[in-house]
Amino acid sequence: MVEENLLVTPFGWGVLVLIFTSILLTYRVLFGPTLPDRIVGLNTITTKVVIMIAILSVISKQYFLIDLAVVLLMVNAVGGLILSKYLERRGRGD
Amino acid sequence: MIEYLLLAFGEVIMIFGALGIIRFPDVYTRLHAATKCDTGGAMTILLALALYTDASVFIKLKLLVLAFLIALINPMISHAIAKGAYKYGIKPKVVVDMYAWDNP
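Protein chains in written order, with our numbering: chain E, 1 to 94; chain U, 1 to 104.
A portion of the hints provided could be inaccurate.
Pairs of lysine-lysine, DSS-like flavour, derived with a Cα cap of 25 Å [stated by the list, open to error]:
| id | chain 1 | residue 1 | chain 2 | residue 2 |
| --- | --- | --- | --- | --- |
| 1 | U | 93 | U | 36 |
| 2 | E | 85 | U | 87 |
| 3 | E | 85 | U | 83 |
| 4 | E | 85 | U | 93 |
| 5 | U | 91 | E | 85 |
So these bits of chain E aren't anywhere near chain U, every CB distance computed over 10 Å [stated by the list, open to error]:
| id | residue |
| --- | --- |
| 6 | 6 |
| 7 | 7 |
| 8 | 8 |
| 9 | 76 |
Each pair of labels, with its calculated beta carbon distance range [claimed, not checked]:
| id | chain 1 | residue 1 | chain 2 | residue 2 | range |
| --- | --- | --- | --- | --- | --- |
| 10 | U | 91 | E | 68 | 21 to 31 Å |
| 11 | E | 5 | U | 102 | 55 to 65 Å |
| 12 | E | 63 | U | 98 | 21 to 31 Å |
| 13 | U | 75 | E | 7 | 50 to 60 Å |
| 14 | E | 16 | U | 20 | 14 to 24 Å |
| 15 | E | 85 | U | 103 | 35 to 45 Å |
| 16 | U | 54 | E | 31 | 35 to 45 Å |
| 17 | E | 68 | U | 12 | 21 to 31 Å |
| 18 | E | 23 | U | 2 | 41 to 51 Å |
By construction, these hints were calculated from the structure, which means they are not laboratory data. Note that the coordinates shown come from a computational prediction; the quantities given were computed from them, not determined experimentally. Here a beta-carbon is modelled for each residue, glycine too, at the ideal position from N, C-alpha and C.
With these hints in hand, go ahead and build the complete structure from the sequences.
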């Protein structure tokens with residue numbers, strides 16, 4: 001049985017709070033003074049999206065979406081490592 | 001009842017982490033706030049979910065594995081970004097000068 005209204009539990013309101021904080025962090029991604037600021041904002045937003053997927057999968061009882069959250073977390077890890085390697089190479093000047 | 005308390009705790013950590021990322025003056029201090037809100041808040045909310053759900057044991061175990069992976073991966077990314085930002089050429093603006101606190 002799938003719930004029609006997702007705001008019947010406090011976890012649904014928690015998803016709304018996470019969306020609000022992600023919109024706050026979008027300011028740092030758009031107007032960040034340097035490149036590492038943008039990378040920090042993107043990693044934080046992606047972790048919040050992982051938590052949102054986990055909460056929505058538990059609320060709507062579609063439990064296969066937790067696997068998708070794990071995959072998105074690992075993609076976040078690989079993307080962060082590649083971007084930090086790019087930063088190291090850029091600083092050396094070549 | 002305890003899962004709602006854990007959820008509220010995690011959401012408060014998320015909100016203050018976002019405020020810290022917006023208001024702090026430097027990359028490294030922003031990274032400090034980002035790591036706190038990512039790791040602590042995310043693990044707390046996932047623990048609350050594992051206590052809340054009425055599914056089988058394997059679903060709860062899967063949520064706990066997700067929390068464990070977050071605890072492994074997020075500090076690693078933060079260390080890598082800090083190293084990359086220092087080699088990129090950004091010097092820390094904030095220094096701790098404890099002698100100046102007592103002798104203004």
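A quick look at each hint next to the structure:
1. 93(U) x 36(U): Given pair residue 93(U), residue 36(U) holds - Cα atoms ~20 Å apart, limit 25 Å.
2. 85(E) x 87(U): holds (10 Å)
3. 85(E) x 83(U): Holds, at about 9 Å.
4. 85(E) x 93(U): Measuring from Cα to Cα gives roughly 23 Å; hence the hint holds.
5. 91(U) x 85(E): holds (18 Å)
6. 6: Answer for residue 6(E): holds, closest chain U Cβ roughly 14 Å.
7. 7: holds (14 Å)
8. 8: holds (13 Å)
9. 76: violated (7 Å)
10. 91(U) x 68(E): 21 to 31 Å: With a Cβ separation near 40 Å, residue 91(U) and residue 68(E) fall outside 21 to 31 Å, so the hint is violated.
11. 5(E) x 102(U): 55 to 65 Å: Holds - the Cβ-Cβ distance for residue 5(E) and residue 102(U), about 58 Å, lies within 55 to 65 Å.
12. 63(E) x 98(U): 21 to 31 Å: At 51 Å between Cβs, range violated.
13. 75(U) x 7(E): 50 to 60 Å: violated (33 Å)
14. 16(E) x 20(U): 14 to 24 Å: holds (21 Å)
15. 85(E) x 103(U): 35 to 45 Å: At 43 Å between Cβs, range holds.
16. 54(U) x 31(E): 35 to 45 Å: Since the Cβ atoms of residue 54(U) and residue 31(E) sit about 44 Å apart, the hinted range of 35 to 45 Å holds.
17. 68(E) x 12(U): 21 to 31 Å: holds (27 Å)
18. 23(E) x 2(U): 41 to 51 Å: Given range 41 to 51 Å: violated, Cβ gap about 30 Å.
The structure is inconsistent with the numbered hints 9, 10, 12, 13 and 18, although it conforms to all the rest.
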